[in-house]
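Enquirer: Here the protein sequences line up with chains A and B, keeping their order.
Using the working numbering, you'd call the opening residue of the first sequence number 31 and step up by one each time.
Using the working numbering, you'd call the opening residue of the second sequence number -12 and step up by one each time.
It is worth saying that the hints were derived from the structure and are not from the lab.
All residues carry an ideal CB built from backbone N, CA and C; glycine is no exception.
Worth double-checking, as some hints may not be accurate.
[Unchecked claim] Calculated lysine-lysine pairs in the DSS-like style (CA-CA distance at most 25 Å, straight line):
hint : chain 1 : residue 1 : chain 2 : residue 2
1    : B       : LYS94     : A       : LYS249
2    : A       : LYS267    : A       : LYS49
3    : A       : LYS63     : A       : LYS49
4    : A       : LYS241    : A       : LYS63
5    : B       : LYS107    : B       : LYS117
6    : A       : LYS49     : A       : LYS246
7    : A       : LYS241    : B       : LYS94
8    : A       : LYS171    : A       : LYS241
9    : A       : LYS246    : B       : LYS94
[What the hints assert, rightly or not] Here chain A is said to cover these stretches of chain B; the calculated rule only asks that three of the stretch's residues, wherever they fall, bring their Cβ under 8 Å from a Cβ of chain A:
hint : region
10   : -3 to 3
11   : 20 to 32
12   : 39 to 52
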Amino acid sequence: MKVKRNMAYKPQYGPGTSKVAENRRKQMNPSQKLEKMRDVTDEDIVLILGHRAPGAAYPTAHPPLAEQQEPDCPIRKIVTPTEGAKAGDRVRYIQFADSMFFAPSHPYQRTYTEAYRFRGIDPGTLSGRQIVECRERDLEKYSKDLVNTELLDPARTGIRGATVHGHSLRLAENGMMFDMLQRSVLGEDGIVRYVKNQIGEPLDRAVAIGKPLDEKWLKAHTTIFHSLGGTPYRDDKEYIEYVQRIHTLRTKYGFLPKE
Amino acid sequence: MTDAIYPQVRIVSARFLRPDTVEQLLNRLVQVGGIRRMSINGPSIPATVPYGPARGQPNPHPDRKVIRVGDQDVQLRVQVGTIILEIEDESYIPVIGEAVDEVFADKDFSCTVQQGRYMKTQPTLSDYAKYGPDADKQILGLVDPRRKDGPVIIQGTK
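In isolation and in its complexed conformation, chain A is listed as follows (with noise of 0.2 Å):
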């Protein structure tokens, strides 16, 4: 999906001079293209997520759209449904928790990262965790990106359905994110592997997702601000700036600010 050319203002993403503003603001705008760090196939990433055997039916909700009576209704005339409402599957997930030493993206930035991206999404954003929920199909389509790209490590970023805890812990020894179910496992050639699907059931072949990135490349790509080690926020004068300025005019709302 393209940003429209007649937009009465261009959309700035983000303040902030830091590069890991600028690296917010690459996720964020649709016009620039994340870079493919890895490929993980189809079948792969449906493992992955649990939500069905490889190659089974989508279950669906209702019936696909073009067999059902629409109400007569102005805004199904302008939305176009997507491939995954128009088929009528369910609605289904897939929850990321990024490791807060450098992983490349955080929740917050997820969230708008997918609602400037993706079409037909809830994403849910918590302290730890991220959860996009979607049409079956369109989830796996995202999902492939989510994970294809620069979005994620391999090491500090993990598929998580539940007992998502490990962000804020201490690396392993290895590198990896804490994680109680263990579902990914660096092996002894560097690869890390899937060994279970997100919920923590084991899979019946481990899947491949690559090898985790090296610190240079994520002290350089990351989106998280960081005082040991990375850059830290209070270096970035106009995000500070930004951030005042939203708290101040949202505390003095309720007396109607005029500027």
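Use these hints to put chain B onto chain A, whose structure you have.
Expert: Okay, now just chain B, sitting in the frame of chain A:
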């Protein structure tokens, strides 16, 4: 509970430890001696999936292992990140520091030894409400005293 006269030490590593590193570190600490009580802390690794759609299913985890410390087997139930020690007197602190440095010499992350108060010295009102008046004071404040399996006792040389 503990008498406040015994000094306490906390060993904190910058990364969570693998079971074999824990084994190596604890065995080195046992050699130092002078340790009255020890508690191994970190995020829990449950034997079964505790919640979510897969609740109750077994949770095979490579770091939930039995390690050998001194002459005893210790079942690890956590990913070890912190070790709290209660020692007999302050003269052991520098020796413990040296032992830790020795174990972590070939690792690419650091580990610090801190002195302070890390164990409870008297039961709180909540402890009384939860565990009653007869709770085992040796382990209260370190682990849940209602656990059926007691502490592992490693025989010293004294």
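Enquirer: Could you run down the list of hints and mark each one as holding or not?
Expert: For each hint, the structure was consulted:
{"no.": "1", "hint": "B/LYS94 - A/LYS249", "in the structure": "holds (22 Å)"}
{"no.": "2", "hint": "A/LYS267 - A/LYS49", "in the structure": "holds (13 Å)"}
{"no.": "3", "hint": "A/LYS63 - A/LYS49", "in the structure": "holds (18 Å)"}
{"no.": "4", "hint": "A/LYS241 - A/LYS63", "in the structure": "holds (22 Å)"}
{"no.": "5", "hint": "B/LYS107 - B/LYS117", "in the structure": "holds (15 Å)"}
{"no.": "6", "hint": "A/LYS49 - A/LYS246", "in the structure": "holds (13 Å)"}
{"no.": "7", "hint": "A/LYS241 - B/LYS94", "in the structure": "holds (21 Å)"}
{"no.": "8", "hint": "A/LYS171 - A/LYS241", "in the structure": "holds (22 Å)"}
{"no.": "9", "hint": "A/LYS246 - B/LYS94", "in the structure": "holds (19 Å)"}
{"no.": "10", "hint": "-3 to 3", "in the structure": "holds (count 4)"}
{"no.": "11", "hint": "20 to 32", "in the structure": "holds (count 3)"}
{"no.": "12", "hint": "39 to 52", "in the structure": "holds (count 9)"}
No hint from the list above goes unmet by this structure.
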